[in-house]
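Protein chains: 2
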Amino acid sequence: MCEANAYLIRGNSEELFMEAVDIVENEGGFLKMRNIFGEQKRIKGVIRRMALVEHKILIEETE
Amino acid sequence: MCEANAYLIRGNSEELFMEAVDIVENEGGFLKMRNIFGEQKRIKGVIRRMALVEHKILIEETE
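Top to bottom, those sequences are chains P and W.
Note that the working numbering numbers the first sequence so that position 10 is 10, with each residue one more than the last.
Note that the working numbering numbers the second sequence so that position 41 is 41, with each residue one more than the last.
Bear in mind the hints are in silico, worked out from the structure with no lab data behind them.
Warning: the hint list may mix true and false statements.
In silico lysine-lysine, BS3-like type, Cα no more than 25 angstroms apart, as pairs [as the list claims (entries may be wrong)]: (1) P:Lys-41 to W:Lys-41; (2) P:Lys-56 to P:Lys-32; (3) W:Lys-56 to P:Lys-44; (4) W:Lys-44 to W:Lys-56; (5) W:Lys-32 to P:Lys-44; (6) P:Lys-56 to P:Lys-41; (7) P:Lys-56 to W:Lys-41; (8) P:Lys-32 to W:Lys-32; (9) P:Lys-44 to P:Lys-56; (10) W:Lys-56 to P:Lys-41; (11) W:Lys-56 to W:Lys-41; (12) W:Lys-44 to P:Lys-44; (13) W:Lys-56 to P:Lys-56; (14) P:Lys-44 to P:Lys-32; (15) W:Lys-56 to P:Lys-32; (16) W:Lys-44 to W:Lys-32; (17) W:Lys-32 to P:Lys-56; (18) W:Lys-56 to W:Lys-32; (19) W:Lys-44 to P:Lys-32.
Based on the provided sequences and hints, a complete structural model is requested.
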């Protein structure tokens, strides 16, 4: 499976936000995510970087 | 491998922008992509939706 883990950028470190993300929808400044377990989360932010082969999404939270 | 194809949203259809994308960086409104073949492309736009298990990234071009 090709899901990825989503992390929040916290200064110089990264905090796991959601594991095994499949779907990301960007709507009005919010990122809505759904993972392969059917869990859903929403955060105000932008995708700053992705490395898909590494299964990694980095999110910058916005206000 | 878990790369994805990036498509541009064109009205009701989708136009292939880049195959086998690995890295996406979002910098100042531009998306810089690199695929597993080492090719690079840049476009002004936002990631509107991703479906990673489906290997799909949808990009909305901005002005």
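For each hint, the structure was consulted:
1. As the CA atoms of Lys-41 (chain P) and Lys-41 (chain W) are separated by approximately 30 angstroms, the hinted pair breaks the 25 angstroms bound.
2. For the hint pairing Lys-56 (chain P) with Lys-32 (chain P), the CA-to-CA distance comes to about 16 angstroms; that is within 25 angstroms, so the pair holds.
3. Restraint check for Lys-56 (chain W) and Lys-44 (chain P): the C-alpha separation of about 22 angstroms stays at or below 25 angstroms, so the hint holds.
4. For a cut-off of 25 angstroms, the pair hint linking Lys-44 (chain W) to Lys-56 (chain W) stands: about 18 angstroms separates their Cα positions.
5. The hinted pair formed by Lys-32 (chain W) and Lys-44 (chain P) meets the criterion: a straight-line CA distance of about 22 angstroms does not exceed 25 angstroms.
6. Restraint check for Lys-56 (chain P) and Lys-41 (chain P): the C-alpha separation of about 17 angstroms stays at or below 25 angstroms, so the hint holds.
7. Only pairs whose Cα atoms come within 25 angstroms are accepted, and Lys-56 (chain P) paired with Lys-41 (chain W) is accepted, the gap being roughly 20 angstroms.
8. With a C-alpha separation of about 22 angstroms, the suggested pair Lys-32 (chain P) and Lys-32 (chain W) falls inside the 25 angstroms cut-off, and the hint holds.
9. For the proposed pair Lys-44 (chain P) and Lys-56 (chain P), the alpha carbon gap of about 18 angstroms is at most 25 angstroms, so the pair holds.
10. Restraint check for Lys-56 (chain W) and Lys-41 (chain P): the C-alpha separation of about 20 angstroms stays at or below 25 angstroms, so the hint holds.
11. Taken as a hint, the Lys-56 (chain W) and Lys-41 (chain W) pair is honoured in the structure, with Cα atoms around 17 angstroms apart against an allowance of 25 angstroms.
12. For the hint pairing Lys-44 (chain W) with Lys-44 (chain P), the CA-to-CA distance comes to about 21 angstroms; that is within 25 angstroms, so the pair holds.
13. For the hint pairing Lys-56 (chain W) with Lys-56 (chain P), the CA-to-CA distance comes to about 15 angstroms; that is within 25 angstroms, so the pair holds.
14. Restraint check for Lys-44 (chain P) and Lys-32 (chain P): satisfied, since their Cα atoms lie roughly 9 angstroms apart, inside the 25 angstroms limit.
15. The straight-line distance between the Cα atoms of Lys-56 (chain W) and Lys-32 (chain P) is roughly 16 angstroms, inside the 25 angstroms bound, and the hint therefore holds.
16. Proximity of Lys-44 (chain W) to Lys-32 (chain W) is assessed by CA-CA distance (about 9 angstroms); at most 25 angstroms being required, the pair is judged to hold.
17. Our distance criterion of 25 angstroms between C-alpha atoms is met by Lys-32 (chain W) and Lys-56 (chain P), whose separation comes to about 16 angstroms.
18. Simply put, Lys-56 (chain W) and Lys-32 (chain W) have alpha-carbon atoms about 16 angstroms apart, close enough for the 25 angstroms limit, and the pair holds.
19. For the given pair, Lys-44 (chain W) sits about 22 angstroms from Lys-32 (chain P) by alpha-carbon distance, which is consistent with the 25 angstroms threshold.
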